[in-house]
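Student: One-letter residues, chain by chain:
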Amino acid sequence: MALNAVSTKLLKVAQHPVKIAVAAYHPNVIDHYENPRNVGSLDKSDTSVGTGLVGAPACGDVMKLQIKVDENGKIVDAKFKTFGCGSAIASSSLATEWVKGKTVDQASTLKNTDIAKELCLPPVKLHCSMLAEDAIKAALSDYKIKQQKKA
Amino acid sequence: MQSLLHPDKFSNKSDTEKEISAEYSSLVNKAYNTLQTPIKRALHLLSLNNETISEDNKSDNPEFLMEMMELNEEIDAADTPDKLKSLQQTNAKMLNKCSDEISHHFKDNNIAKAKEAIIRMKYYTTIMRRINDLMREKGIVD
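So the protein sequences, as listed, match chains A and B. Numbering that gives the first Met the number 0 puts the first residue of the first sequence at 0, with every later residue one more than the last. Numbering that gives the first Met the number 0 puts the first residue of the second sequence at 0, with every later residue one more than the last.
Here chain A stands alone, though its shape is the one from the complex (with noise of 0.2 Å):
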């Protein structure tokens, strides 16, 4: 009788692996991982165009954000492309949004921070955002390398 009630209790909970696994995301995040935002490439040899590719050792994420400045340093797109897990899909698609329309310094003070903030990420997770923040960072600093040179 005792396994039996034991076994009845493991059917119930294996009847919603999903819902769980879903339920652990919050909703801003999955809003991005299902609708994300500027997903894509831009052609990196052109000289307004900033690339930042980085990767997380830990798990084996690669992030490549990219970005489009004008002769103003304004940063008129944004392009991302994110393999990895939901929160780091999720960090990267809501820093293209946020940098769409900043200036080139002002693109420079995002933080992680306001990132896993906006997402309301665990712990566990911020790391996603600091690799989306690594990935602004690099994408700045190759426009501005390539800037230089071309000066």
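By construction, these hints were calculated from the structure, which means they are not laboratory data. Just so you know, nobody snuck in bad clues.
Derived CB-CB ranges, DEER-like:
| hint | chain 1 | residue 1 | chain 2 | residue 2 | range |
| --- | --- | --- | --- | --- | --- |
| 1 | B | R135 | A | E96 | 29 to 35 Å |
| 2 | B | L26 | A | T102 | 55 to 61 Å |
| 3 | A | K116 | B | H43 | 31 to 37 Å |
| 4 | B | S25 | A | S44 | 53 to 59 Å |
| 5 | A | A57 | B | K84 | 26 to 32 Å |
| 6 | A | D45 | B | L133 | 30 to 36 Å |
| 7 | A | T108 | B | Q35 | 43 to 49 Å |
| 8 | B | K96 | A | D45 | 31 to 37 Å |
| 9 | A | T112 | B | L3 | 49 to 55 Å |
| 10 | B | D75 | A | D104 | 30 to 36 Å |
| 11 | A | D104 | B | L133 | 38 to 44 Å |
| 12 | A | P121 | B | T33 | 24 to 30 Å |
| 13 | A | K148 | B | E62 | 15 to 21 Å |
| 14 | A | E96 | B | D99 | 41 to 47 Å |
Here are a few chain A residues that sit away from chain B, every Cβ distance over 10 Å (derived from the structure):
| hint | residue |
| --- | --- |
| 15 | N27 |
| 16 | D45 |
| 17 | T46 |
| 18 | K73 |
| 19 | V75 |
| 20 | W97 |
| 21 | T102 |
| 22 | P121 |
Computed from a predicted structure; not experimentally measured. The beta-carbon is built from N, C-alpha and C at its ideal position, and this holds for glycine as well.
Fit chain B to the known structure of chain A by using the hints.
Tutor: Showing chain B alone in chain A's frame:
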């Protein structure tokens, strides 16, 4: 070991013995799993040398990252079972290569080099999981 430790052997014994059996039996499972999985084995060896791969360990090898990006894009573009299978085979070779490198570096006691190779293996492992998940989703059997 499990023939000695498994909780089934202790169903008639005292609670203390049951607890010990459950704990040790689960440890043996964990150890077996670590030894059997190359990446886990490598990470364990690394931790024995007081090294870990932390989340802020940035890989600053742009060429390698580019390769990983392109590999992931190839997986996205793979629209036939054969293409996925061939990617899986290539990736398995890369994993083996990492494995060989890692054991070589550990033998030489070159922990820094071992760590580098383990990080690469980590990326290939993630890619392998993506390929395998995709194949399972599409019902491709090898």
